[in-house]
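Chemist: Residue numbers (the numbering used here), protein chains in the order written: chain A, 11 to 377; chain B, 11 to 377.
It is worth saying that the hints were derived from the structure and are not from the lab.
Be aware that one or more of the hints could be misleading.
As the list claims (entries may be wrong) - Heads up, incomplete: computed chain B residues facing chain A, CB under 8 Å, no partners named:
| no. | residue |
| --- | --- |
| 1 | K12 |
| 2 | K112 |
| 3 | N114 |
| 4 | F117 |
| 5 | S118 |
| 6 | F274 |
| 7 | D278 |
| 8 | L282 |
| 9 | F309 |
| 10 | N313 |
| 11 | D315 |
| 12 | I359 |
| 13 | E362 |
| 14 | D364 |
Backbone N, C-alpha and C define an ideal beta-carbon position, used for all residues, glycine too.
Protein chains: 2
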Amino acid sequence: MKIECLKSNLLNGVSIVSKAVPSKTSLSILQCILIKAKDGIITLTANDTELGIETRIEGNIIQEGNVALDAKFIAEAVRKLPDSMITIDVDDNFFTKIKCEKVNLEFSGKNGEEFTAIPNINRVNNVFISDYSLKELIKQTIFCVGEGSTNQIMNSELVHINGDNIEFVALDGHRIAYRKSSLKNSYSEIKVIIPGKTLNEIERILTGDQNKDVSIFFEKNYVLFEIENTIIVSRLVEGTYFDYEKMLTKDYETKIEVNKKDIFNCIDRSTLMLREGEKKPIIFEVRDNFINFCMKTMFGEMNEDLSVNKVGKDIDIAFNPQFLLDTLKVLEDDEINIYMMSPKNPCIIRNEEDTYVYLILPVNFVK
Amino acid sequence: MKIECLKSNLLNGVSIVSKAVPSKTSLSILQCILIKAKDGIITLTANDTELGIETRIEGNIIQEGNVALDAKFIAEAVRKLPDSMITIDVDDNFFTKIKCEKVNLEFSGKNGEEFTAIPNINRVNNVFISDYSLKELIKQTIFCVGEGSTNQIMNSELVHINGDNIEFVALDGHRIAYRKSSLKNSYSEIKVIIPGKTLNEIERILTGDQNKDVSIFFEKNYVLFEIENTIIVSRLVEGTYFDYEKMLTKDYETKIEVNKKDIFNCIDRSTLMLREGEKKPIIFEVRDNFINFCMKTMFGEMNEDLSVNKVGKDIDIAFNPQFLLDTLKVLEDDEINIYMMSPKNPCIIRNEEDTYVYLILPVNFVK
């Protein structure tokens, strides 16, 4: 194989596919990026067997072929080469020479045929969504995905398309994140469970551009995202997602209208009292015009009043402060509504339009 | 003790003295910041027994007294409080209440009398140096200070004042950094050895302002730096500094004039071939109009030619690439001169005015 391409193109491609290179693996071929030059197209591929990323880069093919190169090395090497044309020349034994201006790098590559190919997905019947919407939907729900749960479904998100609606749902046993957005076109119903890891990597590749579209293709066991010259293929999680809908009740006994930034700062300050790893709840005493926030730990006590508008009953209720902070961070509204039923029932933060609904379980407390 | 001061003043003071709070210590009082309110002055102090920092902050004293508060907590708490007036109220048992707008933080402090005081230095006969010059002198030499050597002198720098000259010297057994600067006034000779840790912390406090002066006071075993409202007191290292001067010879067989950025990039690229922790030299083949740089490792080989002006003999010589990179990073000149004697003798990078001289030992190599 022999190709030449601009440093900037190679650097961009390498940095995109690097996101699918596993940080730890016993298969050394997976720590490589596959470079393939065929039929006038140069592609870079990385694959950790659950998630594969392939991207096309501009360049000239002088001789067709392929090679697998150590991902860490190639990323650092390309970054440090002069901003100029780079030639990659690979012989039949995959011995690789990279040339750029007066720099020569020579080292052993691996046979690209040994690389685990990305599953071939039939690209028909795609769903269009703007890069911006997809990025937001992921960012606003991904923090509720469980980490390292033995239940694979809990480590994943539900993606539900129906008509021109798309919903993302994540939950981890203590909280639920629900987001809804509109699609430009209408589609028949699709319900899939996508691993959180896949969504995390896709979020990092998306630019948040409102004028760019992403195509999503679904197959029985796989989903493929096409973002400009890049495709991301991930396996889907088998099974049925949790019946979260019945938990997102609209009933309430107490409704609180509050400034998001103010309540965020109060809760954030309460965590000052926690020593590393310590778990203590923040107690809300909700009264007519204010909430008194209190956090008592071995170290000391934090106490603060915040003006709010309250409708309904007074209530004393306690939460894991981090769960509230995580949720408040992703809300776009300046003024938010919090709904509560009882100290034992979850609180719900939702807007009038139901484009977001967040549920957080309270915790037991002693005053 | 009861004081009130603006958040911004307290935050600034806490962040300055925090630099002297040891990260690990068995004495819990040293992990505190001492707040002292006396004779109309509020001071914050931290002291790791080798290095002490004290700074004055603006504020009102309502009741004199002192308290030692956990440094990590107070730094984070002040950062998270509203940008407003903060009241710190300490009772006779050092129980502390911090109030800021509607926020109340209550916790136990410690008796400030238990805090290890900073040695009292007689502030006469100071040496004036600009904040900028002092910051530069430290930055440009500190990287050659040994780390964790059993020889305390190697972990320190020589500071030599004579007339209106000030010199900083650091060495670690493989290299020497020498810098000279001019003082506005003239002083009788002073030669002291200052711990590298002290200089590191001072460098972080200095702003690099050319119009601000720093006063340095010397006593038998201590040095005191006065930077605006802050004093930094450090013990001095006893003993006689190494006789480095005879090593900084002006003799050479080969002189190379080269662009600093170009040679930096070549050497930096050579390190691509090193796997984590691997030590291999970069080989210079110095010829009439160019240097060929080569790095061979188990992974592969890097090879690059760079145009230079050379006077004197051809030479093949090898170096630890990191030692060259560290030095090149702190040179302000675009074009630099490198002097070599033989493959066994150190190379020297110096300017015509001798305001900087850097020595780097070569390493053995096989071609």
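Chemist: Now look at each hint and say whether the structure bears it out.
Modeler: Comparing the hints with the structure gives:
1. K12: Since chain A brings no Cβ nearer than about 18 Å to B/K12, farther than 8 Å, the hint is violated.
2. K112: 5 Å, holds
3. N114: 4 Å, holds
4. F117: It holds, given that the least Cβ distance between B/F117 and chain A is near 3 Å, below 8 Å.
5. S118: 7 Å, holds
6. F274: Not OK, violated: B/F274 not within 8 Å of chain A, min 11 Å.
7. D278: 6 Å, holds
8. L282: With a closest approach of 5 Å, the B/L282 hint holds.
9. F309: Interface hint status for B/F309: holds (6 Å vs cutoff 8 Å).
10. N313: 4 Å, holds
11. D315: Result: holds, 5 Å to nearest chain A Cβ.
12. I359: 22 Å, violated
13. E362: B/E362 check fails; min Cβ-Cβ to chain A is 29 Å, beyond 8 Å.
14. D364: 33 Å, violated
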